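Line by line, the protein sequences are chains A and B. If you read the first sequence in our numbering, its first letter stands for residue 1394, the second for the next number, and so on. If you read the second sequence in our numbering, its first letter stands for residue 28, the second for the next number, and so on.
No lab work stands behind these hints: they were computed from the structure. The reader is advised that the hints may include incorrect statements.
Said to hold, decoys possible - For lysine-lysine, the following DSSO-like pairs were computed, each having C-alpha atoms within a straight-line distance of at most 27 angstroms:
(1) 1745(A) <-> 1537(A)
(2) 1463(A) <-> 1507(A)
(3) 1507(A) <-> 1480(A)
(4) 1720(A) <-> 109(B)
(5) 134(B) <-> 1745(A)
(6) 1480(A) <-> 1463(A)
Please read these numbers as outputs of a predicted model, since none were measured by experiment.
Given next are the chains, with one letter for each unit.
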Amino acid sequence: MINYFTKKRIFVFEVIWLSLSIISITEAQSIDGKWMLRLDGADQLIDNSITIGAPSDNEAAIIGELSITKINDEWMGHVEGGPVEVKIENENIEILIDSRDLAGFVFFRRLSGKYSDGTMSGSFTIEGTTENPEYGGIWRATRKEVKTRNTASNPRDLSGIWTPAPGVDFRKYSMDLTEKAQAWHDDYIDHYDQPNVRCVSPGIVAIVAWGAYPFEVLNSDNRLTFLYEVDSEVRRIYLDDKEPPEYYPASGMGFSNGYWDGDELIIETQMLEGNVRDFRGEPISEGARMHERYSISEDGDTLSAVITLLDPDNYKQPPIRRRKWVKNPTTEIYPYECDPDSFYRQMYNENKLDMYFERSHRRQIN
Amino acid sequence: MFTHNKKFKILLSLMLLNSSAQGHHSFAVEFTAEEKIAIVGTVTEIWFRNPHVRYYVETENSSGESENWDVRTSSPSLLVRKGWTKNTIKVGDKISIFGHPGRDGRKLLSVISIKLPDGSSLGQNYPD
């Protein structure tokens, strides 16, 4: 028979358990949703061999969108549209994010911290090998603000040559692929299937986020022209709602229209052909669209962009890239001539040419 | 209680097993991130073109046999901005190269640094 004191202990335990559950539910509801992550690494030297002419200070914060949901009692996290591991215990939170560096090496950022008063913050460490040193530091997440479109157009002057600047982009490695995209990607061999290894332009979705080469903006009536150094690509952005001509073919560069949302330039690109998104070779379907939002600093010297690929056939969540450039009047757009000799010669030397051509169908994506 | 995203954990496991298997210009699939070696040899052929500048270098291994290395660096337009032109290294030059070797024993080398015949360095400072 349970005595009075035992009953009292059970009652107290139940009250505590109930209180913790309520706190836990409240925290869960608070953590759910979209956040903006900012990572500030420790002081480091920026390698100017990659970022030509970019400032060598440490204004290289990494920024990304974090979304957290709870499905079937399990936390799900995404950063920039790609899955991340999330652990939550009361106010403690841990997030493991896979990224790749400029050389293509995959590494992880492990974020540990606490949730308090509507923000998350803590420190992060680096796990894995990178070409150049990556350092840990501190992180903070605040609620993502919903942007509403401005009615007044306030165009800014983007003309000039823009050189990539360090930081900003997470270079999130894995994306949340649909079953169809995953099946296709499982058989991807980047060394043989990647367009640029055989001197074929990778298309605007990859080029716009390329981390090494400058581009030039030319301003004219109702049109902006972007001249990319990489692959010597040209892009016309029509500011007057121009429609693609009849029979205009889908291509890697697509067809772009732009408009000014306040002082930010929005570019919408359609008519993209089947392609791969990035160096990892995830597919882009014909019919995908790309949305870009460009903003220029008050002094006109720094240009930033948020680039979102809209392709629900292949991605459960849209992949997001972020870029930053600095105006560089000391350089020019250099010629970019490409010769695939090294690509074919290596396969010839290794007796892999037959295998390469047997995979031709892998280089036609619909 | 800590919860786990099982799908992501599986993905991470696969990626850790294959952590260098994808990358820019398929760099990481061809070269080892973890390993760095140095070779000394004579330049036999130069391709100063995209997608990567390439030098063929003949070396002699410890058994006295000749080996041909395919040495790769960056894009020409990125190199020439730093003064590294197609005339900086010439056929016949004896150079030392420090870099990431190719996977599976292939005679590929991704350049971190090159020491020229006059002792000066290209890329990062040549290690002592």
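Hints, verified against the model:
1. 1745(A) <-> 1537(A): With a Cα-Cα distance of about 49 angstroms, the restraint between residue 1745(A) and residue 1537(A) is violated, given a limit of 27 angstroms.
2. 1463(A) <-> 1507(A): Holds. Residue 1463(A) to residue 1507(A) sits at ~18 angstroms (cutoff 27 angstroms).
3. 1507(A) <-> 1480(A): holds, 11 angstroms
4. 1720(A) <-> 109(B): Given pair residue 1720(A), residue 109(B) holds - Cα atoms ~19 angstroms apart, limit 27 angstroms.
5. 134(B) <-> 1745(A): holds, 16 angstroms
6. 1480(A) <-> 1463(A): holds, 11 angstroms
In summary, the one numbered hint that this structure violates is 1.
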